[in-house]
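Visitor: Protein chains in written order, with the numbering used here: chain A, 5 to 234; chain B, 4 to 639.
Just so you know, not all the hints are guaranteed correct.
Claimed, not checked - A few chain B positions that, by computed beta-carbon distances, are all more than 10 Å from chain A:
id	residue
1	64
2	104
3	113
4	114
5	180
6	183
7	195
8	197
9	203
10	233
To be verified - Ranges of calculated distance between the beta carbons of each label pair, as one might list FRET restraints:
id	chain 1	residue 1	chain 2	residue 2	range
11	B	216	A	65	24 to 32 Å
12	B	54	A	108	55 to 63 Å
13	B	97	A	98	20 to 28 Å
14	B	220	A	231	40 to 48 Å
15	A	69	B	177	38 to 46 Å
16	B	98	A	98	46 to 54 Å
17	A	234	B	200	52 to 60 Å
Read the hints as simulated data drawn from the structure, not as lab findings. Cβ atoms here follow ideal geometry from the backbone N, Cα and C, with glycine treated the same way.
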Amino acid sequence: MPGSIRPVSVVWVVLVCLLFCSRLLSVGAAPICTNAQAGCHALSLANLFDRVIQHSARMHGISNDLHSEFEQYFLPSKNQIGRVSRNCHTSTIFTPNGKENAQRMARQELTEVILKLLVAWRDPLWHFHQSIAHHHDFNNFSANKALEMSDMVHELRKGVEKVAEKMQMMGIISNSVSSLASPEALLPSDSAEWRLMKDYDLLYCFRRDSNKVQNYLKILKCRIVPEHGC
Amino acid sequence: PPSAPSTKCYRCCTSHSSSSSEPFPLSDPCLSLFFSHCISAPVGPHFTECISREQETFRCWWSPGGFHNLSFPGALRVFYLKKDSPNSEWKECPEYSHLKRECFFDVNHTSVWIPYCMQLRGQNNVTYLDEDYCFTVENIVRPDPPVSLNWTLLNISPSGLSYDVMVNWEPPPSADVGAGWMRIEYEIQYTERNTTNWEALEMQPHTQQTIYGLQIGKEYEVHIRCRMQAFVKFGEFSDSVFIQVTEIPSQDSNFPFKLALIFGVLGILILILLIGISQQPRLMMILLPPVPAPKIKGIDPELLKKGKLDELNFILSGGGMGGLSTYAPDFYQDEPWVEFIEVDAEDADAAEKEENQGSDTQRLLDPPQPVSHHMNTGCANAVSFPDDDSGRASCYDPDLHDQDTLMLMATLLPGQPEDGEDSFDVVERAPVIERSERPLVQTQTGGPQTWLNTDFYAQVSNVMPSGGVVLSPGQQLRFQESTSAAEDEAQKKGKGSEDSEEKTQKELQFQLLVVDPEGSGYTTESNARQISTPPNTPMPGSGYQTIHPQPVETKPAATAENNQSPYILPDSPQSQFFAPVADYTVVQEVDSQHSLLLNPPPRQSPPPCLPHHPTKALAAMPVGYVTPDLLGNLSP
Chain A
5 MPGSIRPVSV
15 VWVVLVCLLF
25 CSRLLSVGAA
35 PICTNAQAGC
45 HALSLANLFD
55 RVIQHSARMH
65 GISNDLHSEF
75 EQYFLPSKNQ
85 IGRVSRNCHT
95 STIFTPNGKE
105 NAQRMARQEL
115 TEVILKLLVA
125 WRDPLWHFHQ
135 SIAHHHDFNN
145 FSANKALEMS
155 DMVHELRKGV
165 EKVAEKMQMM
175 GIISNSVSSL
185 ASPEALLPSD
195 SAEWRLMKDY
205 DLLYCFRRDS
215 NKVQNYLKIL
225 KCRIVPEHGC
Chain B
4 PPSAPSTKCY
14 RCCTSHSSSS
24 SEPFPLSDPC
34 LSLFFSHCIS
44 APVGPHFTEC
54 ISREQETFRC
64 WWSPGGFHNL
74 SFPGALRVFY
84 LKKDSPNSEW
94 KECPEYSHLK
104 RECFFDVNHT
114 SVWIPYCMQL
124 RGQNNVTYLD
134 EDYCFTVENI
144 VRPDPPVSLN
154 WTLLNISPSG
164 LSYDVMVNWE
174 PPPSADVGAG
184 WMRIEYEIQY
194 TERNTTNWEA
204 LEMQPHTQQT
214 IYGLQIGKEY
224 EVHIRCRMQA
234 FVKFGEFSDS
244 VFIQVTEIPS
254 QDSNFPFKLA
264 LIFGVLGILI
274 LILLIGISQQ
284 PRLMMILLPP
294 VPAPKIKGID
304 PELLKKGKLD
314 ELNFILSGGG
324 MGGLSTYAPD
334 FYQDEPWVEF
344 IEVDAEDADA
354 AEKEENQGSD
364 TQRLLDPPQP
374 VSHHMNTGCA
384 NAVSFPDDDS
394 GRASCYDPDL
404 HDQDTLMLMA
414 TLLPGQPEDG
424 EDSFDVVERA
434 PVIERSERPL
444 VQTQTGGPQT
454 WLNTDFYAQV
464 SNVMPSGGVV
474 LSPGQQLRFQ
484 ESTSAAEDEA
494 QKKGKGSEDS
504 EEKTQKELQF
514 QLLVVDPEGS
524 GYTTESNARQ
534 ISTPPNTPMP
544 GSGYQTIHPQ
554 PVETKPAATA
564 ENNQSPYILP
574 DSPQSQFFAP
584 VADYTVVQEV
594 DSQHSLLLNP
604 PPRQSPPPCL
614 PHHPTKALAA
624 MPVGYVTPDL
634 LGNLSP
């Protein structure tokens with residue numbers, strides 16, 4: 005009996021390996037190709053936009069939740085909105101403040117704005133998560149949300165870069181978008197201003213900026229590929 | 004001047020409500036402040052609310068509060084500060100609507116994501132608010148309600164009681180969803196008409212939704228509202244739409260009717276089957292045959308139950324057909340499953356043409372009868388046919404040696420009352436007898452076949468010091484047989500003093516014989532006379548014989564001494580002979596000669612459980628002992 009079991013088990017192991025390997029290979033073959041290589045599974049621009057917009061919506065939702073939680077813990081005795089606006093470190097980035105302004109802005113510029121915003125928030129969010137994790141006033145739920153937020157910013161930035169690449173490939177935007185090469189170069193030199201912000205202010209600022217990103221992406225999508233969901 | 008606490012209270016509460024839609028936590032400091040200061044103090048001029056409908060324009064409303072002198076138009080002015088640059092200034096409201104106390108900001112003056120702060124100022128630039136009313140436009144957006152709400156019927160459940168409905172609508176026209184400027188999610192609520200128990204469905208961004216599980220016949224009211232995704236402020240509800248679906252008669256009637264028909268037919272069939280089964284006992288027998296209980300021959304266990312002592316005693320004392328050793332077929336006549344091995348009438352009829360052939364002893368000892376090879380002592384029916392012991396207790400005693408069996412049988416033989424020598428011969432020849440088949444009776448004198456009408460079951464009531472065994476009387480043995488014998492004997496013995504009843508009774512009983520081989524004289528003397536009177540009855544009366552155990556050893560000595568037959572067969576008139584012995588006595592011990600030493604019975608009248616007690620005269624006699632005195636009483 006054992007003699008007959010061994011070859012059977014070997015066969016099973018081989019089958020399982022084949023399954024997994026095929027999975028891995030298929031995953032490897034599934035990434036979005038920018039060069040339209042043969043065998044690539046290329047996503048459409050609309051599909052890309054949808055994914056990115058969903059991502060940004062989720063990011064904005066998390067930031068909203070965290071902000072509400074903060075308000076419960078630290079009810080501002082004074083109206084801090086006016087005070088805060090001067091402290092957001094992304095205030096220097098020029099962003100359209102209305103629908104017409106956003107619609108009038110060139111796609112390339114709008115894409116750049118989006119990328120700038122996302123880049124500007126990568127480090128502050130990471131440090132915010134660190135400070136929350138060590139703070140005893142917050143529960144694990146908040147800390148997990150902060151971590152998720154910072155991860156999302158990172159992922160969203162990569163997604164938007166992919167979208168920009170696709171758009172460039174399709175000729176929608178010109179290739180002279182220098183921001184795509186090194187967005188960090190666009191940041192103002194005093195980017196360390198965010199370190200002076202308190203947690204609550206930081207959350208407030210990020211909530212606003214995530215809403216901006218979501219809005220700009222939607223406008224871009226409905227302007228470029230208005231087929232679905234506009 | 005406005006009271007500082009009141010405006011502070013108001014600002015605190017409104018600022019909290021503008022930023023989150025959640026209610027106040029109980030530990031809220033604003034709440035405590037409100038209760039401590041705000042309730043009593045009058046409220047000054049303040050902004051009630053600022054709302055944007057499409058995130059492109061917004062409006063603000065104010066109220067003079069308790070300051071009625073400021074309620075005339077133009078008394079209060081609205082100033083705003085737009086913090087889009089570090090050096091921004093306060094500006095006055097671009098568009099007033101004094102009738103509605105509203106300040107309208109158009110597209111040119113509206114900037115999203117930029118904080119606005121509002122102020123109410125009087126004529127003389129007095130600021131009435133402690134704190135500026137600040138907000139950002141995206142946070143004050145309340146979309147208009149959706150339009151074109153209507154519904155379509157999706158399906159009806161198979162039971163015909165509920166249905167599903169698809170509701171669809173259009174986004175509010177003011178919200179620029181097409182450009183992607185606003186991302187809206189919708190919430191539908193429905194309730195039964197004229198109730199306020201609204202049930203809300205899950206929020207979703209599409210412009211249609213299904214409502215499941217509405218009930219037929221009821222009227223429902225549906226309305227919808229919307230809000231920006233990831234924001235908290237809802238717009239107003241739309242106008243209600245009413246949904247109602249009436250019953251569809253076609254489906255309802257068929258379904259239960261068929262079921263009712265099927266169940267009714269099934270029920271009737273079951274009823275018919277039950278009635279048929281219950282009224283046909285044979286059918287019941289076939290379907291549910293009764294399980295026969297084991298029947299052991301002997302005593303019906305029903306008699307052992309409480310309250311049937313008389314019948315039990317009757318059986319135990321030898322009532323019925325043949326005493327204890329006989330079964331009573333009467334008890335089982337109503338049960339055909341009980342099988343008894345019955346004595347064939349033909350076997351026993353050879354010698355006597357009697358209805359009741361008497362005990363098996365007779366059959367066993369009867370010479371002309373063919374005797375079965377199987378001889379069982381004490382067995383009632385074991386003689387003339389093979390016994391397969393069905394349903395009966397085995398009456399074969401393996402311990403008993405065959406020879407002893409023969410000896411016992413020999414001793415049981417009454418022998419010839421007048422032939423003491425013969426009986427002696429019998430005794431002597433008992434061991435000589437080899438044939439187990441032939442009863443020992445044959446070896447006796449060829450006289451009339453008198454044998455004791457003794458059963459093999461005879462209870463030993465007492466053992467004499469001399470070694471004799473006193474047996475208990477049996478009752479009503481061979482009633483019919485001994486009637487004639489009794490009459491004859493009565494005539495001969497002259498038992499006139501006795502009642503006829505007693506005669507018959509006594510004749511029916513076993514007679515108590517005392518065997519005294521060593522020669523206590525009284526018994527033998529008295530008995531000798533009796534013995535000498537030959538019972539000419541062809542049938543011997545019932546009588547006892549005391550059996551001396553192991554007569555082989557002692558008999559020669561005994562007989563040598565006494566020169567008498569150790570066996571005394573009193574005639575039936577010697578019924579007085581008997582001692583009323585109890586049917587059961589306690590065995591005290593067994594002596595070396597294997598005789599049972601019994602407890603002397605109590606000196607009293609025989610127990611009442613013997614309904615057919617032999618004599619009344621013997622009432623005072625101790626059971627089992629026949630003393631000379633009493634013997635004298637016994638003799639007629």
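Visitor: Next, verify each hint and record whether it holds.
Guide: For each hint, the structure was consulted:
1. 64: holds, 18 Å
2. 104: At roughly 22 Å from the nearest Cβ of chain A, residue 104/B sits farther out than 10 Å, so the non-interface label holds.
3. 113: violated, 7 Å
4. 114: Given that some Cβ of chain A is not farther than 10 Å from that of residue 114/B, nearest at about 4 Å, it is violated.
5. 180: Violated, because the least Cβ-Cβ distance between residue 180/B and chain A comes to about 7 Å, which does not exceed 10 Å.
6. 183: Violated, because the least Cβ-Cβ distance between residue 183/B and chain A comes to about 3 Å, which does not exceed 10 Å.
7. 195: Given a closest Cβ separation of 34 Å, the condition holds.
8. 197: holds, 37 Å
9. 203: About 19 Å separates residue 203/B from the closest Cβ of chain A, which puts it past 10 Å; holds.
10. 233: At roughly 4 Å from the nearest Cβ of chain A, residue 233/B sits no farther out than 10 Å, so the non-interface label is violated.
11. 216/B to 65/A: 24 to 32 Å: With Cβ atoms ~30 Å apart, the hint holds.
12. 54/B to 108/A: 55 to 63 Å: With a Cβ separation near 26 Å, residue 54/B and residue 108/A fall outside 55 to 63 Å, so the hint is violated.
13. 97/B to 98/A: 20 to 28 Å: 24 Å Cβ-Cβ, so the 20 to 28 Å window holds.
14. 220/B to 231/A: 40 to 48 Å: Given about 44 Å between the Cβ atoms, the range holds.
15. 69/A to 177/B: 38 to 46 Å: Cβ of residue 69/A to Cβ of residue 177/B: about 28 Å, so the range 38 to 46 Å is violated.
16. 98/B to 98/A: 46 to 54 Å: At 28 Å between Cβs, range violated.
17. 234/A to 200/B: 52 to 60 Å: violated, 37 Å
Violated hints, in rising order: 3, 4, 5, 6, 10, 12, 15, 16 and 17; the structure is consistent with all others.
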